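Student: Each chain is listed here by its residues.
Number of protein chains: 2
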Amino acid sequence: MAEEKEQKGITVKKADDFSEWYSQLVQKAELADLRYNLKGFVCYMPWAVISIKKMYEKYEKLLEKNGHLPLIMPSLIPESNFHLEASHVEGFTPEVFWVTEAGNGDKFEERLALRPTSETALYKMYSMWIRSYKDLPFKRYQSCQVWRYEGKATRPFFRAREFHWIEAHNVFATEEDARKQILEDMEMTYQMLEQEFSIPIIFFERPQWDKFAGAVSTYAADALTESGKVIQLPSTHLLGTNFSKPFNVKFVDKDASEKYGFITCYGPAISRIYGAMVSILGDDKGMILPFDLAPVQIVIVPILFKGSKEKVLEKCEEAEALLKGMYSVRLDARDDMSAGEKFSEWEMKGVPFRIEIGPKDVDTGVAVVVNRFTKEKKAVDMKQLGRYIDDAARNYTRHLKEKKLLDFSSLIQKCETLDEAKNAIENKKIVCCGFCSVDMEGANCAETIEKDFGAFVRGRKVTDEKNHFSSCIVCGKKAKETVYIAKSY
Amino acid sequence: MAEEKEQKGITVKKADDFSEWYSQLVQKAELADLRYNLKGFVCYMPWAVISIKKMYEKYEKLLEKNGHLPLIMPSLIPESNFHLEASHVEGFTPEVFWVTEAGNGDKFEERLALRPTSETALYKMYSMWIRSYKDLPFKRYQSCQVWRYEGKATRPFFRAREFHWIEAHNVFATEEDARKQILEDMEMTYQMLEQEFSIPIIFFERPQWDKFAGAVSTYAADALTESGKVIQLPSTHLLGTNFSKPFNVKFVDKDASEKYGFITCYGPAISRIYGAMVSILGDDKGMILPFDLAPVQIVIVPILFKGSKEKVLEKCEEAEALLKGMYSVRLDARDDMSAGEKFSEWEMKGVPFRIEIGPKDVDTGVAVVVNRFTKEKKAVDMKQLGRYIDDAARNYTRHLKEKKLLDFSSLIQKCETLDEAKNAIENKKIVCCGFCSVDMEGANCAETIEKDFGAFVRGRKVTDEKNHFSSCIVCGKKAKETVYIAKSY
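Residue numbers (numbering that gives the first Met the number 0), protein chains in the order written: chain A, 0 to 488; chain B, 0 to 488.
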């Protein structure tokens, strides 16, 4: 059925048309299917799910190492719970899917929300679970999906009406302890996103006009893409006592007095991080994945000719047997495809190493190893194959990080004037500039940026608290802050 | 606050009042909280979730080893999908939670079901994903939660309106291949439930009047409790072409003709299996868990007296350091509880081994190791502690299985008459007897059993196809089948 085959490769360059490149990648690498018959809902396919499960595993392990225990909460929340915290209900109500009836028409007395996030489910329980200072810090997480009714176009993994995340909700005796948790959350984010997933990020304290509904402050990681647009990734929120008061999350302190707990919550959206990772690491041939996360780490492709098939396949099986104890290995012996077609398919899917073995290689006792990321092609003595792969595997993700984390710095441009900034944004840069304020009084200047540039004030960089500019790039008043401005996906 | 402490142990015997025993166990071992403010929905607490996650991991690994790939499907299903298969919609509609609106009152054109099971979501996609015989067998699974609006009283893990399961959905070219999958599903069930979770089961082919809505045949594992009541555990269904026809799941066969696929689906409900495991293994002191699944495998309790605290704690830390590389170890050095209170708490939670170290033990160089299941108490030379625990850990689950899988056979009683059977059921036995038919013509006799005994015909034992009886225990007609009758939870 070769004549029916569609164009297998991605037909646009990532740098020319990122959106189209991503759509084709998702389809051609078989990551998600958008044909499910409900708007905003997509099917995640095995090649994506295998990596996503590994990402969950790594994240959960780190959360547990840092003292979080796992919970499983109901996914339905009575509407009245939402009404306890005023800005939360206002922020989330437009995004909620409501269950109103069951069976053959039994109506519920109040509407039930499909959780858009779990504060209002959890904190009711926290008020019963937390009694004394001895229960603190109280650190819990759950891995689950959330639903948000949003109108923007669906982009699989990035934006859909159901997505998969982890949410950690913690209670502390003091604001100081809560702020330490925010720092721990940031460290976890760097460790996971940069060290494990090779995604370059900056952590921002978001301006007050862009915080989570009900939070004191919101801190969020922005990932950078080559197009200069950022992708909002995990955010962590200092909720202070904004929720503990209405939800009655109190504890008896050492001095026997009753106090409200200080709450933080952290929400890494694993499905979105996966989308960001695939976007940032991929190239014109398809996916590139960190070695640990690849569903298949090594593919062995026999180069088959009449008369030498048997000896070539035998050598391939030998290589497979050698490597499969340590790695996820696939011997691709399909007989209805050419070797070239197989190369393209596995490059599309981001398999880190391809081993080619042909009849000549059998005679000379070598195998050709091709690195998906560096493109390096190397003839390796079969006797050395195990050791070569061990070394190359160890270095694969390191090389990926070195390259990707470096790309990053060149994207940022310091600007003194609006014209400079506008130019920079048009040239796909991220602007670093002075700003009057990230409190509500700066909202007007931010609006100007949004209207004129189609870009957003991402906030103040958390790791750099000094201010480097004298005046606000918009209104010219004294700059209280150094902020970053970028377009976003 | 010692005066506020409630009675810590379970106040009834498991054999006397299983229901009350289970309720207290769930509360006192902190497995679930039923105080969530929505009927039928419960919070799973960390001690349960840690084990449940391990159970998922084991099950998923086995499914993948057997060729199933993971998917993630949307949890909402348009109502029209349900209407494609008539008996399915009839069976499930009374149990569905319906999303009818979103945000501030946007109504959906059709109701959206919170999935009660995913056939009607998946098979629409399967009709697009499966093209040729080369795509078969097509084996996929997802780990997810499902919702069912049911009226019976909530019993955490066993019965609630939201539960957590795995569902595997497979398509084959022939009915023969589909039936082989049913056998593989049964083998997986035995391997997981009996070998990993120590739950004794029998696999039944369910009578036709008790099959899954839309299935050709349903095969289900029943677990046995000491009370003689059974608990329905994983079931696997031969759907044949009942769904592939309305959902158009077709493939082009080798002879170029188009054929409908034969479908099977398998649904191990992990949360329910957890409930069954905890019920079946526990004793009057609380939980007993297979070694691998225990959140804490070894607890070290120092016996503290004034003047020797330091040296005792030092020895405990030594033991902790020795064991924590291999096992999940907790050193319980809390200073506001007696050693006895700690013993009770960890016994309640089913920690397999307790190590006690007191001042005398430090002097004599021993530690006392107590086995939660066998109750064996042994003074072990500190120098031999590592090796002793390694051995004991290896044997812990084996002993548990030997004991629990044995309990099982004594529960079954062969009966020739209704009086005998009634007696046996009253004596907490499972009845094995002749039955006219497990096709629809046997439904009347089954109804008699249900009315007279409050018990159910569980079906024909799958591994034993011979018939051992001459006449039906109810109507006296020729017995076509040997069936099992039991009460159920």
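Don't read these hints as lab results, they were simulated from the structure.
Everything numeric in this text was worked out from a predicted model, so none of it was measured.
Treat the hints with care, since some could be wrong.
One copy or two, either will do: identical chains are not told apart, so a pair holds if it fits within one copy or between any two.
Stated by the list, open to error - Cross-link-like lysine-lysine pairs, in silico, BS3-like; alpha carbons within 25 Å at most: (1) 138 with 27; (2) 64 with 53; (3) 341 with 64; (4) 106 with 465; (5) 57 with 323; (6) 133 with 305; (7) 133 with 27; (8) 106 with 151; (9) 402 with 64; (10) 64 with 465; (11) 308 with 133; (12) 123 with 38; (13) 348 with 133; (14) 52 with 138; (15) 7 with 133; (16) 382 with 428; (17) 138 with 53; (18) 52 with 64; (19) 138 with 13; (20) 476 with 38; (21) 284 with 377; (22) 341 with 133; (23) 450 with 310; (24) 460 with 310; (25) 106 with 27; (26) 258 with 359; (27) 64 with 38; (28) 450 with 7; (29) 249 with 27.
Student: Indicate, hint by hint, whether the structure satisfies it.
Tutor: Status of the hints after comparison with the structure:
1. 138 with 27: between (41 Å within a copy, 20 Å between copies)
2. 64 with 53: both (17 Å within a copy, 16 Å between copies)
3. 341 with 64: Classified as between: cross-chain Cα gap 24 Å, same-chain 41 Å, threshold 25 Å.
4. 106 with 465: This pair counts as neither: shortest intra-copy Cα distance 56 Å, inter-copy 50 Å.
5. 57 with 323: Both, since 22 Å and 20 Å are each at most 25 Å.
6. 133 with 305: between (74 Å within a copy, 23 Å between copies)
7. 133 with 27: between (53 Å within a copy, 19 Å between copies)
8. 106 with 151: between (30 Å within a copy, 18 Å between copies)
9. 402 with 64: neither (29 Å within a copy, 36 Å between copies)
10. 64 with 465: neither (32 Å within a copy, 54 Å between copies)
11. 308 with 133: between (69 Å within a copy, 22 Å between copies)
12. 123 with 38: between (33 Å within a copy, 15 Å between copies)
13. 348 with 133: Answer is between: at 20 Å across copies they meet the 25 Å cutoff, but 50 Å inside does not.
14. 52 with 138: Intra 22 Å, inter 18 Å, cutoff 25 Å: intra and inter.
15. 7 with 133: between (60 Å within a copy, 19 Å between copies)
16. 382 with 428: neither (49 Å within a copy, 64 Å between copies)
17. 138 with 53: Both ways: residue 138 and residue 53 sit 23 Å apart in one copy and 20 Å across, limit 25 Å.
18. 52 with 64: both (18 Å within a copy, 16 Å between copies)
19. 138 with 13: Neither: 41 Å inside a copy, 34 Å across copies.
20. 476 with 38: Result: close neither inside a copy nor across copies, 46 Å intra and 56 Å inter.
21. 284 with 377: Within one copy, since 20 Å is at most 25 Å while 63 Å is not.
22. 341 with 133: Cα proximity of residue 341 and residue 133: across copies only (16 Å, versus 59 Å in one copy).
23. 450 with 310: So residue 450 and residue 310 fail the 25 Å test inside a copy (67 Å) and across (70 Å) alike.
24. 460 with 310: Intra 59 Å, inter 49 Å, cutoff 25 Å: neither.
25. 106 with 27: neither (44 Å within a copy, 35 Å between copies)
26. 258 with 359: For residue 258 and residue 359, neither the intra-copy (77 Å) nor the inter-copy (44 Å) Cα distance is at most 25 Å.
27. 64 with 38: neither (39 Å within a copy, 34 Å between copies)
28. 450 with 7: neither (40 Å within a copy, 64 Å between copies)
29. 249 with 27: between (52 Å within a copy, 22 Å between copies)
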